[in-house]
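Student: What follows is each chain in one-letter form.
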Amino acid sequence: MTTNKHSLLDPNRLFPADSASREIAIQLYNTIKDRPIISPHGHTDPSWFANNECFTDATKLLLVPDHYLFRMLYSQGISMSSLGVPRVDGGAVETDMRKIWHCLAENYHLFRGTPSSMWMDHVFYEVFGLNELFSPATADSFYDHISAQLQTDAYRPRALLDRFNIELIATTEGAIDELPHHRAIAGTEWAKRVITTFRPDDAIDPSREDFIDNVARLGELTGEDTTTWTGYLDAMRARRATFREHGATATDHGHPTAATADLSRSECEALFSKCLSGHSTAAEQELFRAQMLTEMAGMSLEDGMVMQIHAGARRNVNQQVFEQFGRDKGADVPSSTNYLDGLIPLLNKYGNETKLNIILFTLDETTYSRELAPLAGHFPCLKLGPPWWFHDSPEGMLRFRQQATESAGFYNTVGFNDDTRAFLSIPARHDVARRMDCRFLATLVAEGRLRLHEAEELAPALAYDFAKQGYKLS
Amino acid sequence: MTTNKHSLLDPNRLFPADSASREIAIQLYNTIKDRPIISPHGHTDPSWFANNECFTDATKLLLVPDHYLFRMLYSQGISMSSLGVPRVDGGAVETDMRKIWHCLAENYHLFRGTPSSMWMDHVFYEVFGLNELFSPATADSFYDHISAQLQTDAYRPRALLDRFNIELIATTEGAIDELPHHRAIAGTEWAKRVITTFRPDDAIDPSREDFIDNVARLGELTGEDTTTWTGYLDAMRARRATFREHGATATDHGHPTAATADLSRSECEALFSKCLSGHSTAAEQELFRAQMLTEMAGMSLEDGMVMQIHAGARRNVNQQVFEQFGRDKGADVPSSTNYLDGLIPLLNKYGNETKLNIILFTLDETTYSRELAPLAGHFPCLKLGPPWWFHDSPEGMLRFRQQATESAGFYNTVGFNDDTRAFLSIPARHDVARRMDCRFLATLVAEGRLRLHEAEELAPALAYDFAKQGYKLS
Amino acid sequence: MTTNKHSLLDPNRLFPADSASREIAIQLYNTIKDRPIISPHGHTDPSWFANNECFTDATKLLLVPDHYLFRMLYSQGISMSSLGVPRVDGGAVETDMRKIWHCLAENYHLFRGTPSSMWMDHVFYEVFGLNELFSPATADSFYDHISAQLQTDAYRPRALLDRFNIELIATTEGAIDELPHHRAIAGTEWAKRVITTFRPDDAIDPSREDFIDNVARLGELTGEDTTTWTGYLDAMRARRATFREHGATATDHGHPTAATADLSRSECEALFSKCLSGHSTAAEQELFRAQMLTEMAGMSLEDGMVMQIHAGARRNVNQQVFEQFGRDKGADVPSSTNYLDGLIPLLNKYGNETKLNIILFTLDETTYSRELAPLAGHFPCLKLGPPWWFHDSPEGMLRFRQQATESAGFYNTVGFNDDTRAFLSIPARHDVARRMDCRFLATLVAEGRLRLHEAEELAPALAYDFAKQGYKLS
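One line per chain: the protein sequences are A, B and C, in this order.
Going letter by letter, the first sequence gives residues 1 to 474 in the UniProt record's numbering.
Going letter by letter, the second sequence gives residues 1 to 474 in the UniProt record's numbering.
Going letter by letter, the third sequence gives residues 1 to 474 in the UniProt record's numbering.
One or more hints might be untrue.
To be verified - Lysine to any residue pairs mimicking SDA-like chemistry, simulated, CA-CA at most 25 Å apart:
hint, chain 1, residue 1, chain 2, residue 2
1, A, LYS349, C, LEU83
2, B, LYS329, C, ASP341
3, B, LYS349, A, LYS349
4, B, LYS192, B, PHE164
5, C, LYS349, B, ARG327
6, A, LYS33, A, LEU130
7, C, LYS274, C, ARG244
To be verified - Computed spacing ranges between beta-carbons, pair by pair:
hint, chain 1, residue 1, chain 2, residue 2, range
8, C, GLU23, B, HIS109, 47 to 53 Å
9, A, PRO136, B, GLY298, 32 to 38 Å
10, A, LYS60, C, PRO136, 43 to 49 Å
11, B, HIS109, C, GLN76, 44 to 50 Å
12, A, GLN320, B, GLU456, 36 to 42 Å
13, A, PRO36, C, PRO136, 29 to 35 Å
14, C, GLN76, A, ALA159, 28 to 34 Å
15, C, SER79, A, GLN76, 40 to 46 Å
16, A, GLN320, B, ASP341, 17 to 23 Å
Calculated directly from the structure, the hints in this document are not laboratory data.
Every residue, glycine too, gets a C-beta built ideally from N, C-alpha and C.
Isolated chain A (complex conformation):
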């Protein structure tokens, strides 16, 4: 079945249905749709850009690494093994990539109304130029077409960076990562385009099974004595400097809560020792993470790195899936998050620093209007990140703008983050964000709440400038 182009990808998708707003949205969108992409926070694999090797096939590229896709399939009774997700124990899982691809095609209706289908459709029809609907009937031809194109030079990672008009992309690496792929491109033109981000959770979160080893490794990497509090902090400073050498302008912190703390030096020393002993309680681990957010803010004030806080994800909540398949397999759930009480210790110490830049993300949408926008609309150091993870979707984006703008304004936000490991979906994700922002602006204009020339200034700011400024990339 061949369908007309319109039904594959509506050129006016996501714009309001009423014609008055829609026309303004189209007009705004046309002025910004071709702006370069700034991707200041994400999880693509830097080896792709360092090695520039061809991707292998449709399934391995598009399905296996995408926990949005397999979480939904899993929710309908399809096993992880049958989707080729590797087992921790190395046990057998499905290896027939074409068969897995068919499973996706047979269940593609599950994604109706979700952003995954919008992203995948964009990949199919825009990136690969397919011109039929994805279905069990077309699964083979899609698989063959995509896998064949992936072997061509035009679909190598660097060529795609060009084609996607990605001006800059930041990857994310842990505190003890030696940055081999960023080292490989150091000194080349690519080093300005592919930068790293310092995400030290692995050496900050004492609840991790590998925390003690990671702190030891941190010492080895930096030559600091990380068995002492001072040495540990200096090792962090050293690693931040190394990351900056590889382009990093930001740190990132994924914590289960937004708790911060401001302990005395002796309290810090005792707490750090306890955590290193391997006998810390959950409350001590939480307090240590809390203290470290404040320490990281202090270091950001020293070295100018932008600090991102991604708080409130309860990760790997499915014990059986965690034991069999490991971390990050779609069993992550947002939790109620208290930013106000959480952030006060940090804000009391650094909240009025105009040179400090902290970007807040939330998975608890109730905090947009209740806590985050009022906080960002007052404290000089705070800005709001875009809707994150489960809320990185048309309705989620609309709720963010509707609930945050009136107290925080637009100028306390930092543009869009794709936050993805699904490289081919990056243009789709930025396009959704650009369309939704133009839609929001267009509605304000159509309702006489914003002047057209103001919307025309804001559209490129939201699509491009704020990301560069907010992450100090300009």
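Starting from the known structure of chain A, fit chains B and C onto it as the hints suggest.
Tutor: Here is chains B and C on its own, set in the frame of chain A:
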């Protein structure tokens, strides 16, 4: 005053105002508006269908049992007694049904903008064919017309089941209910159409004043020794089997929180003894309810019954009204509910069972996008029930779809529940749900977020198929 | 640059973009836009109306007292001192009012999409008749024009009350305020138009540094022995009586939480002594505030005053700003608020009193549909105040109606409060509320959820009547 039909009941009510979306909504609605009604969860009285006697009058049928109506009247200073609500002490209350009906007419404006007026209007103009606006001026003629019609065969309960095109309706009975009305129709064609649901709260919730008696009665009914934990569980199993003989495919659990537990056998035995002693603390009662949700999930896995969890209602919060008029008099208020922490013990035990079906309901709308949709979008055993109680309304339905769909999709939902004891409002309630779902789908189509043929497949699924599948009725 | 009138202030601003709803909104708005303004709760300075002196200049009138404006400027790194906000230590701050005005002009884009720009634009173009866009280029001419007009009789406070069509305005004074300005107008025609409100937080909240002094002063003012619990309560009664002599029909209570309590007399006496000792704990202070809400409800039942509860603001959370610039400098943040558990003690005592009027306000929007509307839709003593503070905005108003109406109806609400100290913005704020309510009603009509004649009755009720009735002003 006679008004034209349009002002009585807009044929395009609830559809979006803009013409592009509206036309699609109408088109979708026309394909599903005449589908039979599946009512898999509700509180109609099974004696109606067993005895098929005429209802008596407008007030007793439409007002007295409807706590949505008298809660609002009460909020404006109208006493329960004057509305004919029976007192616990048998004291005098208003018995002039016509006078009570007039009180409703004089205060009918209070319901503007609420679903009650939409449901009542549907009953007036569609079910009873009235053709004037309800007002003090027409109250008498409405009362006479309705009361007269109720004496005709066309308005007997079974005739209305036919006229309303209700294919199946489930009532809800407690653990110690002997199901006399379901027994009365056993073996007849009606037994396939009117089924029961197992709601064992009365023998599970130790905070009830009648818990100990109910557990004893449970033993008598089943011949099990319900003074022991094992006997108690076996008695539950026996009653589940009896309910299944009367058509039940589901259990239902109305708990104040979503807490679950997974205690050892000896802990369970000790806790059960404590609860039976009549000296349990509130925390022990909560823990017992929590443990019983997990036990019920285990039994569902054994016997295949679908498990519904209705969590988060704080019931009978008005102490004076409770003392004078008893339970369920409109003094129920939703409370903040933590599904994530609550459900983890149960999910750790059974969450990955693909043959287990748990349907979650909430009164805390903040959990749609933060907890429920992410949970249902991962765990194979979980599905989301429709908006419940205070949120079973046009705006409530819209928020549910807008907030749950992007993470859970449509296919982790189970269609509509009317959940009502107001029999005559059942068509109105399903019609509102169908219109709102068509509206939501139409908006997605108009905005290029869903293809028309996909919406055409989803509309009947949401209106009919998902309820049958989700409750194993097919 | 002169622009046409349309781009300065869209006559159809805030109405829905689609023409069907928009036309109904315009039609409704035209019937109520010229109704007099009832301002039953706010913070204007009564000396303005008593003395009727000219305001001095644009900056001192429009910017310095408006924490909405300087909080946003501060969030972007502009210091309080440079905005002329007085320091606690009397240290130097910017005194060049024209320079501060320029700072506002240069940063006016920050307010795009916020209600502040809508209010300011209304002041510029409607109140002062300016006909250019506000910008750095026009800042001087705006400043000169406004400052000059302020020196004319037409811009004196009383003339503005007339011009703004303000039928009645309530100011807000503390428990130990001697009401000099209200005394000054006593017996004149202005006393009926400018009334006070009793806000006793200063003598009720033991966490305040001046609590003990204030309680002592309360004794002096009333001749009661406020070192005893009984004398303290009698002093409150006396002050309520004095406030009523100056027009007050309402009390107001700004508490950090919605907690209420119902302690025994001996517990109250002990708690009061502890609080007066200066050694109370935070928990005891909270309990005292909680008990006092119940006491105040009891007094309202005695004297008929309407009781307002503004719960959930965490005030002055920026420690450094508080130390340098004092209270109420924009560092206030909403917090998660539990009305259900909080109010139960009070409701168990007085909830069913049909002569008691308690108006609830919230900064936690999640409580609209979860707690507040269900409570107000049952308890005779409860009504819902309009969206407050951060939520007093177009989107905030829409969320309030969308989330509260279906459970509470319209008739359990009390119209609009401007709640402002920015006198010149009062017409703008009421106009926004009137437009948004007409918009909400129009959408219901366009979607067949409300009849036009019902909307035509509701529009003036929401704009005018409900405020008079809800505050017993009629």
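Student: Now tell me, hint by hint, if it's right for this structure.
Tutor: Each hint, compared with the structure:
no.	hint	verdict
1	A/LYS349 to C/LEU83	23 Å, holds
2	B/LYS329 to C/ASP341	19 Å, holds
3	B/LYS349 to A/LYS349	44 Å, violated
4	B/LYS192 to B/PHE164	16 Å, holds
5	C/LYS349 to B/ARG327	19 Å, holds
6	A/LYS33 to A/LEU130	21 Å, holds
7	C/LYS274 to C/ARG244	31 Å, violated
8	C/GLU23 to B/HIS109: 47 to 53 Å	24 Å, violated
9	A/PRO136 to B/GLY298: 32 to 38 Å	36 Å, holds
10	A/LYS60 to C/PRO136: 43 to 49 Å	56 Å, violated
11	B/HIS109 to C/GLN76: 44 to 50 Å	48 Å, holds
12	A/GLN320 to B/GLU456: 36 to 42 Å	38 Å, holds
13	A/PRO36 to C/PRO136: 29 to 35 Å	30 Å, holds
14	C/GLN76 to A/ALA159: 28 to 34 Å	40 Å, violated
15	C/SER79 to A/GLN76: 40 to 46 Å	56 Å, violated
16	A/GLN320 to B/ASP341: 17 to 23 Å	18 Å, holds
Hints 3, 7, 8, 10, 14 and 15 from the earlier list are contradicted by this structure; the remaining hints agree with it.
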